[in-house]
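Q: Each chain, written out:
There are 2 protein chains.
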Amino acid sequence: MERLAIGIDLGGTFIKGGLVSNIRGLLHEEHTATEADKGPVQVLQRIAQLVQRLQQHTDNIPLAGIGIGAPGTISWDRTTVKSPPNFPGWDTVNLVKALQERLSLTLPIIVENDANVAGLGSAFYGAGKPFDSFIMVTLGTGVGGAIIYQKKIFRGAHGGAGEIGHMTIDYEGPIAYSGVSGAIEAYIGQRFLSHHARLRLINRPHSLLYQLTQGDLSLLTPQLLTQAAQQGDEPAQEILAWAGHKLGCVLGAAVNLLDIRKIVVGGGISGAGAFILEPARRTLPDFVLTGLREGLEIVQETLGNKVGMLGAAHLVFQYLEEYPTEKAP
Amino acid sequence: MERLAIGIDLGGTFIKGGLVSNIRGLLHEEHTATEADKGPVQVLQRIAQLVQRLQQHTDNIPLAGIGIGAPGTISWDRTTVKSPPNFPGWDTVNLVKALQERLSLTLPIIVENDANVAGLGSAFYGAGKPFDSFIMVTLGTGVGGAIIYQKKIFRGAHGGAGEIGHMTIDYEGPIAYSGVSGAIEAYIGQRFLSHHARLRLINRPHSLLYQLTQGDLSLLTPQLLTQAAQQGDEPAQEILAWAGHKLGCVLGAAVNLLDIRKIVVGGGISGAGAFILEPARRTLPDFVLTGLREGLEIVQETLGNKVGMLGAAHLVFQYLEEYPTEKAP
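Listed in order, the protein sequences are those of chains Y and A. First residue of the first sequence? That's 4 in this note's numbering, and the numbers climb one at a time after it. First residue of the second sequence? That's 4 in this note's numbering, and the numbers climb one at a time after it.
Here chain Y stands alone, though its shape is the one from the complex (with noise of 0.2 Å):
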């Protein structure tokens, strides 16, 4: 049977939205402005607009309901979302209530943290398909994770499992945003990855990045560095070789304790594809236990930022299976 979902996914720049089958896939997409600075009541209203105008594609088949992937942490029952970095004035906002009645719907809306929701995209749409299990390592600003198991995103006991990118490597390492020494976040996030550049680059005159960044070193961004590494460039190659070699000494911990042997890598700086994953792949086996190295594998996902609301979408498909009696009438 054919089923509409709307996936959404509430960036802190942009709301993007998908319109979904279960047999077609994307149908179509809208995305908007997320005016984040204008408070919640504003964002609310752009995410009802967004859902209205991809209502309009749904050719008279009932809309099954509407999965949204946001930042922040997310409550048990996947309503609520409590204090979202970057979105000014949130504290904790029932997003279920707050668009039902905005929408006069009565659908199932189902909201899920942003990584987890791009973990489920990639398992449905993405590189994730071929495996029943993965870990998802979303490289951007910061570092996203989630732990996709049996199909399904494992939540931990509240919700809020695959904080990957707090994990640390190394306790008496540099401290990241989140207080914790060493995490992988301080390492390879984006304002980390650039500062740890500038300060290897202060002896590499005649690397392509002064020529990237006309000579000011503060513009360097991890799409420089790959666009650098791509033209040949040794220090840059280094500098991604090293964010790698992080990268593959966190998830052999992960590998450790959930016995999961796939992973992919998504997110901006996966850009840099091989200059990061080959140098990860390479480190991943010193860090994982004998017994647990059979099969590793890090992949690179391929749907870019369609991948969250892909995801989101799912989490409606997912819902109605397990709950069938719920389905829209």
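For the record, the hints were derived by calculation from the structure and aren't laboratory data. Be aware that one or more of the hints could be misleading.
Capping the alpha-carbon separation at 20 Å, the derived lysine-lysine pairs in PhoX-like fashion look like this [to be verified]:
#1 Y:Lys154 - Y:Lys132
#2 Y:Lys154 - A:Lys155
#3 Y:Lys85 - Y:Lys100
#4 A:Lys132 - A:Lys309
#5 Y:Lys155 - Y:Lys309
#6 Y:Lys155 - A:Lys155
#7 A:Lys132 - A:Lys155
#8 Y:Lys155 - Y:Lys132
#9 A:Lys154 - Y:Lys155
Here are a few chain A residues that sit away from chain Y, every Cβ distance over 12 Å (derived from the structure) [unchecked claim]:
#10 Glu33
#11 Asn206
#12 Leu295
#13 Pro327
Looking from chain A toward chain Y, a few residues come up when the C-beta cut is under 10 Å (computed) [to be verified]:
#14 Phe137
#15 Arg158
#16 Ile167
#17 His169
#18 Gly185
#19 Leu204
#20 Lys249
#21 Cys252
#22 Arg264
Heads up, the beta-carbon is just placed ideally off N, CA and C, and yes, glycines get one too.
Let chain Y serve as the given structure and place chain A on it in line with the hints.
A: Using the frame of chain Y, we list chain A on its own:
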């Protein structure tokens, strides 16, 4: 309905067995030397004899099954033990088949990793009883671990989850026997902790530990460290606090990944109780993302070495709940 199961804790030195009622708890226990050096046939014989001795105490209540906690890697179908450390001559042994033949039994026999079985024992009979989900750490020769999730063993994708002892806390740290740099086992595994203590004591000639080892620090054990700490010896207390700090670091990494905030610590070294656990409790939140800190708790297992056989017996009870058609006639 009352059910009886036999729980076997297969250790390198002793095999412990208990006859357990799902209603009345532990009814009877027996133990025997493992004689692992005589090879698998002899060990199987010892297990079979232990089962037969325990069967004499069933008071004509039919036996529902046998659970076994074993070292090494356990197959996904819970029948086979692969390469248990300190069991010469074992490569891969199908314990279920071997015991069913030897005992002429068709009862369910379930084999699980010994650390996982300790976790299950704690969940139903020990310090883990109040918790739906918790992380179990067993401090001994090595550092064992298990994840109890919603009152069940979380097995990962291949059955080997919970290897917390091999998680790194310093990617350039000391190398454990697993080859992993900075694995927590390389700090607080018995031999590593004793080694660290000996180095620390070089400049502490007045430590009680010199008396307790009669001047030969090569005889130092975690037990002697605990004894000295209890008698107020500051160097011994410092060494255990150092170990507790490291334990707190690795537990923080595990909490971030799993969002399971209750931790039960068992095993030999945990006799050191507060000397290790207080520093671990102080350190833990510093290595956990702010949003996941509420409700963090580290408690000590108090069942001692009974936790393994109780957990092994409980494998049977849990199996029969999941597959009720398999119940004993």
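Q: Run every hint past the structure and note whether it holds.
A: Hints and how they fare:
no.: 1; hint: Y:Lys154 - Y:Lys132; result: 9 Å, holds
no.: 2; hint: Y:Lys154 - A:Lys155; result: 18 Å, holds
no.: 3; hint: Y:Lys85 - Y:Lys100; result: 14 Å, holds
no.: 4; hint: A:Lys132 - A:Lys309; result: 15 Å, holds
no.: 5; hint: Y:Lys155 - Y:Lys309; result: 19 Å, holds
no.: 6; hint: Y:Lys155 - A:Lys155; result: 17 Å, holds
no.: 7; hint: A:Lys132 - A:Lys155; result: 12 Å, holds
no.: 8; hint: Y:Lys155 - Y:Lys132; result: 12 Å, holds
no.: 9; hint: A:Lys154 - Y:Lys155; result: 18 Å, holds
no.: 10; hint: Glu33; result: 31 Å, holds
no.: 11; hint: Asn206; result: 22 Å, holds
no.: 12; hint: Leu295; result: 5 Å, violated
no.: 13; hint: Pro327; result: 22 Å, holds
no.: 14; hint: Phe137; result: 8 Å, holds
no.: 15; hint: Arg158; result: 7 Å, holds
no.: 16; hint: Ile167; result: 6 Å, holds
no.: 17; hint: His169; result: 4 Å, holds
no.: 18; hint: Gly185; result: 8 Å, holds
no.: 19; hint: Leu204; result: 23 Å, violated
no.: 20; hint: Lys249; result: 7 Å, holds
no.: 21; hint: Cys252; result: 4 Å, holds
no.: 22; hint: Arg264; result: 6 Å, holds
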